[in-house]
Structure formats: structure tokens, C-alpha cells
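Turn these sequences into a full structure, and let the hints guide you.
Protein chains: 2
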Amino acid sequence: MVQIPKQQPAPDPAPDAPSPPSDPEQRDAPHPVPHSVPTSADVARLAGVSRATVSYVLNNTSAVRISEPTRRRVLEAAKELGYVPHAAARSLRAGHTRMVLMPTPQIPVGPLFSQFFSELQWALSRFDYTVVQYGSLGLTGEEAARAWAELRPVAVLAPDATALGARGVAVLKRSGAKAVFTLGPQRAEGAHALLMDQRLVGRSAAEHLLARGRRRIGVVVPEEPGLEPFARPRLDGARAAVRGAGAAEVTELPLGYGEASAARLAARWRLLGLDAVYAYNDEYAMLLMRALQDAGIRVPDETAVVGADDLMLGRLLRPRLSSVRIELPSGRGLAELVHRVVREPGTRPEVHDVLGVSVVHRESS
Amino acid sequence: MVQIPKQQPAPDPAPDAPSPPSDPEQRDAPHPVPHSVPTSADVARLAGVSRATVSYVLNNTSAVRISEPTRRRVLEAAKELGYVPHAAARSLRAGHTRMVLMPTPQIPVGPLFSQFFSELQWALSRFDYTVVQYGSLGLTGEEAARAWAELRPVAVLAPDATALGARGVAVLKRSGAKAVFTLGPQRAEGAHALLMDQRLVGRSAAEHLLARGRRRIGVVVPEEPGLEPFARPRLDGARAAVRGAGAAEVTELPLGYGEASAARLAARWRLLGLDAVYAYNDEYAMLLMRALQDAGIRVPDETAVVGADDLMLGRLLRPRLSSVRIELPSGRGLAELVHRVVREPGTRPEVHDVLGVSVVHRESS
DNA sequence: TTGAAAGCGGTACCAA
DNA sequence: TTGGTACCGCTTTCAA
Numbered sequence: 001m002v003q004i005p006k007q008q009p010a011p012d013p014a015p016d017a018p019s020p021p022s023d024p025e026q027r028d029a030p031h032p033v034p035h036s037v038p039t040s041a042d043v044a045r046l047a048g049v050s051r052a053t054v055s056y057v058l059n060n061t062s063a064v065r066i067s068e069p070t071r072r073r074v075l076e077a078a079k080e081l082g083y084v085p086h087a088a089a090r091s092l093r094a095g096h097t098r099m100v101l102m103p104t105p106q107i108p109v110g111p112l113f114s115q116f117f118s119e120l121q122w123a124l125s126r127f128d129y130t131v132v133q134y135g136s137l138g139l140t141g142e143e144a145a146r147a148w149a150e151l152r153p154v155a156v157l158a159p160d161a162t163a164l165g166a167r168g169v170a171v172l173k174r175s176g177a178k179a180v181f182t183l184g185p186q187r188a189e190g191a192h193a194l195l196m197d198q199r200l201v202g203r204s205a206a207e208h209l210l211a212r213g214r215r216r217i218g219v220v221v222p223e224e225p226g227l228e229p230f231a232r233p234r235l236d237g238a239r240a241a242v243r244g245a246g247a248a249e250v251t252e253l254p255l256g257y258g259e260a261s262a263a264r265l266a267a268r269w270r271l272l273g274l275d276a277v278y279a280y281n282d283e284y285a286m287l288l289m290r291a292l293q294d295a296g297i298r299v300p301d302e303t304a305v306v307g308a309d310d311l312m313l314g315r316l317l318r319p320r321l322s323s324v325r326i327e328l329p330s331g332r333g334l335a336e337l338v339h340r341v342v343r344e345p346g347t348r349p350e351v352h353d354v355l356g357v358s359v360v361h362r363e364s365s
Numbered sequence: 001m002v003q004i005p006k007q008q009p010a011p012d013p014a015p016d017a018p019s020p021p022s023d024p025e026q027r028d029a030p031h032p033v034p035h036s037v038p039t040s041a042d043v044a045r046l047a048g049v050s051r052a053t054v055s056y057v058l059n060n061t062s063a064v065r066i067s068e069p070t071r072r073r074v075l076e077a078a079k080e081l082g083y084v085p086h087a088a089a090r091s092l093r094a095g096h097t098r099m100v101l102m103p104t105p106q107i108p109v110g111p112l113f114s115q116f117f118s119e120l121q122w123a124l125s126r127f128d129y130t131v132v133q134y135g136s137l138g139l140t141g142e143e144a145a146r147a148w149a150e151l152r153p154v155a156v157l158a159p160d161a162t163a164l165g166a167r168g169v170a171v172l173k174r175s176g177a178k179a180v181f182t183l184g185p186q187r188a189e190g191a192h193a194l195l196m197d198q199r200l201v202g203r204s205a206a207e208h209l210l211a212r213g214r215r216r217i218g219v220v221v222p223e224e225p226g227l228e229p230f231a232r233p234r235l236d237g238a239r240a241a242v243r244g245a246g247a248a249e250v251t252e253l254p255l256g257y258g259e260a261s262a263a264r265l266a267a268r269w270r271l272l273g274l275d276a277v278y279a280y281n282d283e284y285a286m287l288l289m290r291a292l293q294d295a296g297i298r299v300p301d302e303t304a305v306v307g308a309d310d311l312m313l314g315r316l317l318r319p320r321l322s323s324v325r326i327e328l329p330s331g332r333g334l335a336e337l338v339h340r341v342v343r344e345p346g347t348r349p350e351v352h353d354v355l356g357v358s359v360v361h362r363e364s365s
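Order-wise, the sequence lines are chains A and B. For reference, each letter of the first sequence is one residue, going 1 to 365 in the UniProt record's numbering. For reference, each letter of the second sequence is one residue, going 1 to 365 in the UniProt record's numbering.
Any given hint might turn out to be false.
The list treats identical chains as one, so a pair stands whether inside a single copy or across any two.
Said to hold, decoys possible - Under the rule of at most 20 angstroms between Cα atoms (straight-line distance), these lysine to any residue pairs were calculated in the SDA-like manner:
hint	residue 1	residue 2
1	K178	G82
2	K178	Y257
3	K79	A166
4	K79	R243
No lab work stands behind these hints, which were simulated from the structure alone. No experiment lies behind these values; they were computed from the predicted model shown.
Below you can see the structure in the form of C-alpha cells.
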């Protein structure tokens, strides 16, 4: 094992002596003194100035000019003590934060969304916002909202699987949030929405299959819980597309993410009498396509297969997997939108339809 | 395009107006006021009690018994106002937080780590910690540490691609962090480490190939930046394994994540004279294996292929992909460790080697 | 150019 | 059982 060099906790540098008689259990500390955290008062003391001056210097307050020598003394003192301002104290005083809170999505996100989120984060930080992801873990809409509201974020971007309801939105707004957005397949009353209408995905896939002359279309619905907010609308979208086309129909196909489940489905495939399948996304599509082939079903001759997300890996199977390519909005655009709403909190909630879809036709369909 | 129901922003369902009958100088508000955020003082006023009492009731303070009628009045007032406590104020007063800060990893994480993280988050919340992911975006170790320290987290779990140095660790500790962990392939002076030694992965893969009688082993190193902290040690691990075996050698193979790059590599494959390749992870392995097959190289006869991460998708190719299965520690275990260190901040930094690896032999090797 | 002091929203001690 | 009040760390008038 690696050797850990010994570590001696620095002795309390500022003995805080002037503590009034009222400093009882502060002394409960055992041996290795927990070394109290330096405050701006400590910096002031060390630099021989007032706390006000420290604040002026450290914030480059433009309304006040501090002499160069003083400035330098303060800066040195701060560095010497390793002073770091206390964000909570600051925002308490300021009466607002620059925090954009984004509850952690409950379901594992793919590379597409990761990329989008990372871009968004970067763009928001250009506007001087601090992006924080907060795990809410199984709290219902309103409870979750209350937990988030305690942090007094200036904006909340909620992946709406959390089912933030109208109530939740209200809680957040009352707590001072200037902008509340949902971000996903559903929307919430009172909140702005970046609506990612998953029906478009299913619709697009189904239309593609119809255009290829297929009529009896299966739609895979993952059995994994948590995927439902995505899977259900995709199925609905496919249904809607087919409804417009005469003599075509949709069959719902539950499928678990594993070879066994796929094999089971493939085994009864011919009984289903389908000539095409849209398989939720590329992973399920790859899984199913392989199982079909193993069961002797010819793709795409007997059954066409199409997935979604246009993963690179889908191109590696033979036949290459057709897929619905999904495009999310630019993080930059969303950041600007958030910024605008924050500055004009009055604006009525808008719904932005942000999902771009297009079919990438390859060999499987 | 699916029609988005034309959006009429529902008239504010709760017309904020009806401030309760008893609401004294709250009336300073002009028109449809931005309606200032209710504080515990507002609750106290509405309930006709002191702020202290409000605090007692809302926190179920056990040292103090509040009469049932008072209790109820306070609770009602709080609900009526939609009161949510201000976390910053609370922690300012308390002198500490229960926040566990986890800087967002810079590189996209796979399902393995996502799962681990989600479990960890859940387990920490059982200990009443609040897990927060904070995007630091391109700050160097010490700057990043300062930014994190402003939040005064009680613990920091840093995916160490952020290169949190000894300095960064010191900054965090001075700011009051009781536990600082790195979490990944490297470690930092002064911090506890959950060392995920990636060399094990490469070593394991190479040993497997050697055991299968292969001698001239290629190791794929992704060209994507950001993967280096993982890729480099994996390569080193493979080198180390081979060094022990006589007459074997390792060839480094840069590869970009795309078919073109893979095809290029495959085209010159026979010139390389390799009889096996360990391809960083399953995605790169799948990519390369397909390219090799397309170039007429027989897998595993001519060249054995092994990946890592044991993705489900790897089982769908033919031959099925052999892979190094990686096991991360249980989130529960780590949560307990964090909790322990928080309670005993004196404990010297320990290095825990947490990566479990095992080869899953399938058909590609 | 600098300092004194009020106060942001809670909590917890002490008195009533 | 309740209320008064002194803080926590920081910013920002207002005076000096």
C-alpha cells in the first residue's frame, strides 16, 4: 500500500481569545484541535484593518477605493490564513443566490443527455451561475420541491420524471426561485417547459416503417421501471402514426434488458405475425435484433428493426441498425433562456418544443 | 410534427393575492407583488408567537415542550404561508452543514459508475447527508477546491480527474471539510482515497490473453482527451503483466471513437503482426472487432479481442466479446466510511483499493 | 480611505 | 411553556 505521510493538524493559529464569557462548549474539541475556520474577521485582525475593508478588497468593490498598501496587506493576510469566503453567509446577506439547481435525474442518462447537460452547465457558468445537481431520492413532487427550496436557488431545472406538480412549482416560486423549468417529456403547471415530446420519436419510427411498406408493427416497451415516462409516449406516438395509416396496427411488446427476455420474445415472434418492430432505443433494438437473428428470423426481410438514439454501437451489428436520431437543444440556448427568465421573472411560462428527430436509415429496415 | 397543444399559460391557479386575514404590515407590497419570501418571523407573526417558538415547533426540539394548541397554530401558519426554512441561514447558525459535495466528473461516466454513484447517494441520505454535485468546469485543482470550499461541505468526494492536489485538499480541510476523499485512478496527498487502480484492468486483460497463448498484444488507447487518466494506467498494467512473461510484447494503439478511425487501424492490422488486442473497454473493443472482421481478420483465430466493463451489448456481437468485468465497491460501504471519517476527522488518510476485476471469457479470445 | 454597526434568517441559551 | 436576544459570517450604508 501507498505510504501516507504523517499529517499534523496545524495548531490553532488565532486563539480567538476575545471570546466573551459566553463560549462554553466550543471547547469540547478533543485533542487534534479542529482548528477553526478563518473568517473575514480573522483576516481583518491579521491585516490590522476592519472587516469592511477586507470585504472591499476581496470583492474589488468599485464604489470604494482602497489604498494599495492596505490592499496588499489584506490580500496577504487572506492568503496566509487560507481564507475562503462563506457562500451561505454571503448569500444570506445578499438576499439571493446565483445557484441553478438541477435535481439529479432518477434514471441513468445516456451520452446524449450527458453531453447536453455538460454543455448547459458550461454555458450557465458563463453567466456566472453556479450549477448544482441535487439528489432528491424518492421524494414526491412537493416534498422534493420543498427540499430544493431550502437552498433558495435562483432557478430550478427539473427533469420532470420527478413529477414536479403545480404545487411543487408554487413552492419553488414562493421560495424565491425566479425561473422554474421542466426538462423532459411532461410539463408542470406554472413552470416553463423544455418539452421533449417523446411521442415524436415513436411517431417518427413508425412513419419510417410504414413508408417502408410495413403494416404490422411491434413496439418494444422496456420492463425496467423508471423508463416509463419515456417509453409510454414513444408507444403512443407510434400508435398515433399508425392510426393515420389504413390497415396497419401496433402491438405492444414488453421486454426486459437482458438476453433471456429477448430470447423469450423472439421464440414467440412468428406467432405475433409482425413485419416490423420499433424497439424503444438502440440498446433494446440491438438486443432484440440479435435474439431474432438467433431464432432464425431474417432482418430486415421478415422483420424490420429500428431503434432510437443513433448510438455508434448500432452501426456495428449486421445489418446495421436503423435509428431515430434525437437532437437536443443547445445548452447555450437554454442557458440564455434561463438567464432571460431570471431577469424577467414576470414572463408567463412558455412551452418550448425542443426535440429534433430524424430517421437514419441503415440496413435493418 | 405533433401538434403541441397551444399553450395558454394557465392563469396563476393560486392568485397569491389572498394574504390571510391577519397579515399586518405585509401590506407594504405594491401591486401583483413579487411577494417576498416568507421567513420564520412571518410565521411567528401570523401564529401570534415568537420566532423562538416557531423554531421549536418546526424542529420538534425535544428539550422544549410546546403546548398542543400553540403547536398547531404554528404549523398551520407555516403551511398557510408556504414557509420553507432557509438552509443557508440555518447552517450559518449551526456552524456546519450536512452537505457531501461531489464534483461532477468531467468525463462522461458509464452505467457502472452511475449505478455506484446512485447507490452511494442513497446510502448517504440514510445518514442524513445531502449529496450535491457541483460542476467545476475547467478549474484547476486549487481553484476548484476554493470554489467547493465556499459551500462549506462537511465532506468532499472528488473524482480525481480534477487533479485535486495536496494544496486543494488543504484548502478544503481549512474550510472545515471533515472528510476529503478522492475517488478514481489517482490519489491526493492528505486525502483519503478510494483507489480505483486501473492498472488492474489492463493487467487482468493481458494476463488472460497470455494464458490463452497470445504473445504479441496490442493495447488500444482512446484518442479522446479526458480518458487518459484511465487509459494510461490500463496500458501500464498490460505492460507490467507482459513484462513478466518471456518473449511477449505490447504495442500501443491509438484509436478514435468512430468507424473511420477503426477502419484505418484495421487496414494496417496485418502489418502490426499482433495476435491479440485489449481494447480499453467494450465500446472500443466492439468497434475494433467489427472493423477487423470487415477487413477480413478472423477473430479470435488470427487476433483475440478483449474489452472491459462487461457491457450487455458486447454479448450481442459474434463472436461474443470477452471482457474484464469491473466491480466497484458498494455505495453503502463507502457511505459508512465517509460517515465514520466525518465523526472522527482526526483519522489519518487511508488508501482503500476498491477495484475488483475478473475476466469474463467468451468467444472473442 | 477606513471603520462602526445594522441586519440577512435561524437557533438556542436564559429568563420570565 | 414561551419570549427576548445574542450570535453565525458577510455586505453595505453612513460617518468619521
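Copy assignment of K178 with Y257, given that the CA separation must stay at most 20 angstroms: neither (40 angstroms within a copy, 41 angstroms between copies)
Alpha-carbon proximity context of K79 and A166, limit 20 angstroms: between (47 angstroms within a copy, 16 angstroms between copies)
Intra- versus inter-copy proximity for G82 and K178 (alpha-carbon distance at most 20 angstroms): between (34 angstroms within a copy, 16 angstroms between copies)
Intra/inter-copy verdict for K79 and R243 if alpha-carbon distance must be at most 20 angstroms: neither (69 angstroms within a copy, 48 angstroms between copies)
The structure is inconsistent with the numbered hints 2, 4, although it conforms to all the rest.
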